[in-house]
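For the record, the sequence lines run as chains X and E. Using numbering that gives the first Met the number 0, read the first sequence as starting at 0 and increasing by one per residue. Using numbering that gives the first Met the number 0, read the second sequence as starting at 0 and increasing by one per residue.
No wet-lab data here; the hints were simulated from the structure. None of the values given here were measured: they were computed from a predicted structure. Hints should not be assumed to be uniformly reliable.
Said to hold, decoys possible - Per the computed footprint, the stretches of chain X lying under chain E, defined by three or more beta-carbons under 8 Å from a beta-carbon of chain E, are:
| # | region |
| --- | --- |
| 1 | 91-102 |
| 2 | 106-117 |
| 3 | 129-140 |
| 4 | 160-166 |
| 5 | 173-181 |
A virtual CB, placed ideally from N, CA and C, is assigned to each residue, including glycine.
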Amino acid sequence: MSPVPAKTNTEDYIRMYTQMVRIRAFEDNANQLYLSAKMPGLTHMYSGQEAVAVGMCEALEDSDKITSTHRGHGHCVAKGADFQQMFCELLGKEEGYCRGKGGSMHIADQSHGNLGANAIVGGSMGIATGAALTAKRLGKDDVTVCFFGDGATAQGLWYEVMNMAALWKLPVIYACENNGYSEYTKTHEIAAGSLTARAEAFGMEAFNVNGQDVLAVNALTQKLVARCRMGEGPFFIELKTYRYHGHHVGDINREYYRSKDEEAHWKSEHDPITNFGEWMLSEGIVNEDELGTISDAVMADAEAAVAYALDAKYPNEAEVDMHVFAPNA
Amino acid sequence: MREITLSKAVNEAIAEEMRRDETVFLLGEDVAEAGTPFKILSGLVEEFGTERIIDTPIAEPGFMGIAVGAAMTGTRPIVDLMFGDFLFLVMDQLCNQAAKTHYMSGGKLNVPLVLRTNLGATRRSAAQHSQSLHALVAHIPGLKVALPSSAYEAKGLLKSAIRDNNPVVIFEDKLMYQDKAEVPEEEYLIPFGVANIKRPGTDITLVATSSMVQVAEKAAGILNSDGISAEIIDPRTIVPLDEETILNSVRKTSRAMVIDEGHQSYGVTAEIASRINERAFYHLDAPVIRMGAMDVPVPFSPALEDLTVPTPEGVAHNARKLVRGELVHAA
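Okay, chain E solo, but in the shape it has when bound:
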């Protein structure tokens, strides 16, 4: 099968859906001729014109609000939010308006929009261009949240997001844009709420999202040489969350770690760990361990930044302890 970059996969997904549905359009900063700073959208304005690939001023709340109104009245906007950190600028329009409109109107108004943005540290971009803020939006009822972990997921999830009748926030890992993966030529969609068993195993479950799936895979390789068989579950969407696939894995392995690049406190790792505790407690042989980003603003210095996110070695270290019956966080 052919291999393409995550960036190319996103571009293909948008182009295919725009060809398929005239009501789909895209707006954001420097999305047309510039094709975004990451060059993800290059070529789209040439095919679809400036009426459908719309460059906006640098005014995130403004174009987010415009997208909400456009979605409510019969179009399907894709909002390009250049960095996930800019979510804080659009929170009213996203969380007070888009997320609640369907519910507040008693089901009469729909807001079918996609907010594409990114997450991920270690790009030496410091505290305002490196955050992983998906837990923030996952907390708000009415928003769906997708976290692709490779080019394959990026394309299939984005196509589903564009066809969804709800506001969807999709976070791409900005360090993965040039990573290649096998992506079929033929059309495919990845449904929301269906986790992927990325690697089968028997001794421990590693639930990993987005950027942390690669970390978990490398950790599983290390563990394998120690004779420990790790199963990796990639939820792919955290709203909705495929609880059953996670729970079935934990019931089998009896040990679980949850790895995610958001800050560890009050985050995705806490939520998933808690659900495992509530629904599979008697299957567990050890506490469920969370590994998120450190609870610090992301530092600039490489010497510091690399300390803040989970690494394959760190994941393998904790997994080894769990499997051997040692508490990871002993007093």
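Chain X on its own, in the form it takes in the complex:
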């Protein structure tokens, strides 16, 4: 783990650990809903990347903004969403965050500053930059974190908005979660040169961080968020991480692009939750029983939320053409 702990408060460590466990539990349950054919459509698992979302979102205030991706459950949980409304959304139920109209790929929770997942790869890069422009224009303190994967770095939009963000000194952090795979293709096959160098070409400071180390991610993000608030943004971070599942839950037989040995190695050596738990134990911050209690409580919470969502009602048919247009006061 990082040599200098980013947060020195036991409560902060425990919250970061708990948030990572919550994301894993959410995804395990979502995967089960898919495998048991209880969930409509597909979904993209965040498991393995928890330290990225938690390390970054724990460095943000509630009013700070994030934009998310098709692999967005982790960001949503980390920014403060609750399980019940999230599972309701995944199942297309009325009580979901988007009244069942968005689903997994479009969960938005604006009450905690999550401007939404996005089913277009790289589609939210403009939105994040625009949110940062709002903060600057209206003199607000808000910082926006734009999450995207390594695959999205191939989209031209990123270069257009980085250019403007750098010209206008916007408070936005572009966070590239490099999980090694652009859908079913290895990243080195789709990305020439270096990603940080691309950001540096716009005169932006760019950083590499181990995306499996929640404290390292959190420490760097805290620094950059503070600098953004002082008008020193934008910034770019490449976070090296790993996707435990396939591109989506249905991508099961994937040895043609990724070996089981490689997956096993990342899970046994680089799991962000296991490693952080062991660090907390070694530092005497928690004991085994306390870690077990956290996991048990999260599992129970997730199972209760799933049961609730399965029983919850679907939107009334009359909702189908509601919300096409916003009302004018």
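Given the structure of chain X, go ahead and fit chain E onto it with the hints provided.
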């Protein structure tokens, strides 16, 4: 009443709304000191500064996306898209993001932005600076589409668009920027979804949009000398569309033509003609006739370009046939 150009009307609308609401700002290519190639925005940066009249790089998808995010978080951007043809560059941000955000979020997020752009051929600008692409965006649920036909409409519709809580695409006819019309000094708004009966008549309804309203007016003048009384309906917004005013006119005249500068196939003329057929069929004495732009890329040569858009003479010719009981498209 005073007369001002359409260009001046647009400028006044933006200035008035920016004075009224601090959250309104404008971004696009060469909008500040240059005031756009059409000089529509001249003077605005002097009053509002570069913080609110923002020159962007030539990166339409980028600044469109930034506008979407800015709109979602509490401001009201006006995006200046220099030519309507550049819509193809911004389609993801406009149609996948802006148009769907309110619906996909179950009504929690709003995207109150205005995309100002233009339409219209016969400026000798060839196929990538002459298209009329309003049907393209009108097809996407979640976008409102306004088509001002004069300086008066341009000002009133743009002011409504800026106050609307939804993404609005407003197309100005680029050939009309220097055309003058009566525009009151006092403030006024033109509500969306309310058509204008531009000219009352009894024998045939000409539903005409944007640039084609002037064409229809000239055609009506020609028809009048033939003893044919044409009624002209200008929908002013095609999303939402004021069906009732159109249908009431057709029920009265029993004949209708729809004239619009978009390509005729799969376009605005087809949509409006179809609605008339569905809801006023038994009132009709003749088929509803569509007149749109030819289904060809807009050619450069004046000798060819002028053939591609409806003319007053062409409209009058077809209207005359309809009124006389002759099929316009006889086999």
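Now for the hints, and whether the structure bears them out:
1. 91-102: holds (count 7)
2. 106-117: n = 5 at 8 Å, threshold three: holds.
3. 129-140: holds (count 8)
4. 160-166: Per the Cβ count (4), the hint holds.
5. 173-181: As far as the region 173-181 of chain X goes, the hint is violated, because 0 residues have Cβ atoms under 8 Å from chain E.
Consistency with the previously given hints fails for number 5 only.
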